Amino acid sequence: SQISAYVGFDPTSDSLHVGNLLGQISLRRLQLLGHRPVVLAGGATGMVGDPSGRSDERNLLDAETLHHNVQSIKRQLERILDFTPGHTQAILVDNAEWTAKVSALDFLRNVGKHITVNQMLAKDSVKSRLAEGNGLSFTEFSYMLLQANDFRHLCEHHSCEMQMGGSDQWGNITAGIDLIRKTLGRSSFGLTWPLVTKSDGSKFGKTADGAVWLDARRTSPYQFRQFWMQLSDIDIAKMLPQFSLRSMDEINEILIEQRARPESRVAQRTLARELTELLHGEESAVAAEQAADVLFGANPISASPAALHLIASEVSGSAMGKAALGDAVSVLVLTGLATSNTEARRLLTQRSVRANGEQIDEHTKLDKIPLLHSRWLLLRKGKTAYHLIDFQG
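All residue numbers for the sequence shown refer to this note's numbering, where the first residue is 1 and numbers rise by one.
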């Protein structure tokens with residue numbers, strides 16, 4: 001029979017990040033199997049902050065910012081889940097809709113009296129914060145009650161019988177199960193998964209530049225793809241089954257091929273393509289692959305305009321008129337690929353420079369080289385230094 005399950009998130013930013021992705025992928029799996037997913041935006045709980053997995057207290061956000069964040073995140077969710085009316089239609093609810101209407105006295109009478117302080121103190125998220133000596137405000141201490149009440153509300157009004165989340169949410173989920181049993185007399189369930197970690201001990205979803213966001217304005221499709229491409233063979237063997245919507249038979253075949261030919265990185269390529277296409281669309285996924293090929297040495301002649309736009313965000317660049325396109329020596333200095341005419345001549349003599357894939361020397365007339373899509377000239381020095389000139393910028 002059909003079940004309804006939910007995953008919650010606190011809209012503390014206007015974008016989800018890859019750390020949130022496993023929950024949404026899990027909901028999508030359920031939806032594909034004929035069940036109904038519910039996504040809960042913590043418009044109310046986001047104003048409090050969940051202490052689970054944290055060593056400090058969050059900055060509190062105002063209602064207007066939280067509302068903006070919820071609307072932005074909904075657009076990302078619509079790429080993952082199907083919100084089309086029907087038997088398995090996904091729904092997005094905001095707990096501010098019911099929490100804001102409840103008075104403090106009613107909340108204490110209807111929720112607080114069913115959950116003891118002993119229960120709350122026994123939760124790992126609370127014990128760890130108290131043990132660290134930083135203390136825990138009553139605001140964050142109350143978060144468990146609010147989340148438990150969310151589960152109760154969704155069970156009563158949306159027939160939602162299961163809550164899912166990372167293992168750090170176990171205490172909050174079981175508090176909701178207890179509250180539902182005591183107030184509604186119903187059975188409900190929790191499903192958690194181990195927190196996603198990388199084999200080297202670093203935090204999943206983080207790079208040297210910070211979080212990997214699902215919003216293309218914060219993390220480009222190229223950067224998003226490269227995050228998955230850079231996973232180690234150990235990590236991809238764990239994360240392909242977790243994050244891919246493919247069947248386990250397909251996944252096992254891919255992992256067998258990966259073990260036989262690890263240099264192919266077929267598992268990384270498969271997951272990177274699948275998730276980039278899911279989050280950003282097929283055109284952006286193809287463009288991200290083309291951009292990566294070019295930046296790792298492929299001839300740019302077949303790169304699409306979308307790929308070149310992605311490349312423009314990754315390498316140094318300049319805009320100029322075609323009249324400014326002089327000899328190769330002056331252009332190398334102008335673009336910063338050489339610090340002097342002498343260095344530029346040396347690079348050209350050593351045949352270390354390419355323009356739109358063509359090897360050039362100091363006698364090359366750059367204005368004779370066909371522009372990419374009648375617009376771009378991509379200069380490459382050595383193997384890794386690039387400069388993209390945009391003649392329509």
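Simulated from the structure, these hints should not be mistaken for laboratory data. Treat the hints with care, as some may be off.
To be verified - No more than 25 Å apart at the CA atoms, straight line, and that leaves these computed lysine-lysine pairs for BS3-like:
id, residue 1, residue 2
1, K368, K381
2, K198, K182
3, K127, K101
4, K368, K322
5, K206, K182
6, K182, K101
7, K365, K381
8, K74, K206
9, K74, K123
What the hints assert, rightly or not - Distance windows between CB atoms, simulated:
id, residue 1, residue 2, range
10, E132, E283, 31 to 37 Å
11, A131, T339, 41 to 47 Å
12, F391, S142, 27 to 33 Å
13, G336, K203, 30 to 36 Å
14, E263, G336, 43 to 49 Å
15, E64, A131, 34 to 40 Å
16, E358, R261, 44 to 50 Å
17, A298, S318, 20 to 26 Å
18, Q230, K101, 27 to 33 Å
19, S330, A63, 42 to 48 Å
Model, not experiment: these values are computed from the prediction. Glycine residues also receive a C-beta, built at the ideal position from the N, C-alpha and C atoms.
Status of the given 20 to 26 Å range, CB of S318 versus CB of A298: holds, 23 Å
C-beta pair E263, G336: status relative to the range 43 to 49 Å that was hinted: Violated - the Cβ-Cβ distance for E263 and G336, about 34 Å, lies outside 43 to 49 Å.
K198 and K182: Cα distance at most 25 Å? violated, 39 Å
Restraint status (C-alpha distance of K365 to K381 at most 25 Å): holds, 17 Å
May I ask you to test the hint 42 to 48 Å on the CB atoms belonging to S330 and A63? violated, 57 Å
Keeping to a limit of 25 Å between CA atoms, is the pair of K182 and K101 held or broken? Holds, at roughly 22 Å.
Take a quick look at whether K368 and K322 sit within 25 Å of each other, Cα to Cα. holds, 11 Å
For the hint 34 to 40 Å, verify it against the beta carbon of E64 and that of A131. holds, 36 Å
A131 paired with T339, Cβ distance criterion 41 to 47 Å: violated, 56 Å
Are the Cα positions of K74 and K206 separated by 25 Å at most? The given pair, whose Cα atoms are some 22 Å apart, holds under the 25 Å limit.
For the pair Q230 and K101, does the Cβ-Cβ distance stay inside 27 to 33 Å? violated, 47 Å
Given the hint of 44 to 50 Å, check if E358 and R261 actually sit that far apart at their C-beta atoms. violated, 32 Å
In terms of the numbered hints stated before, the structure departs from hints 2, 3, 5, 9, 10, 11, 12, 14, 16, 18, 19, listed from lowest to highest.
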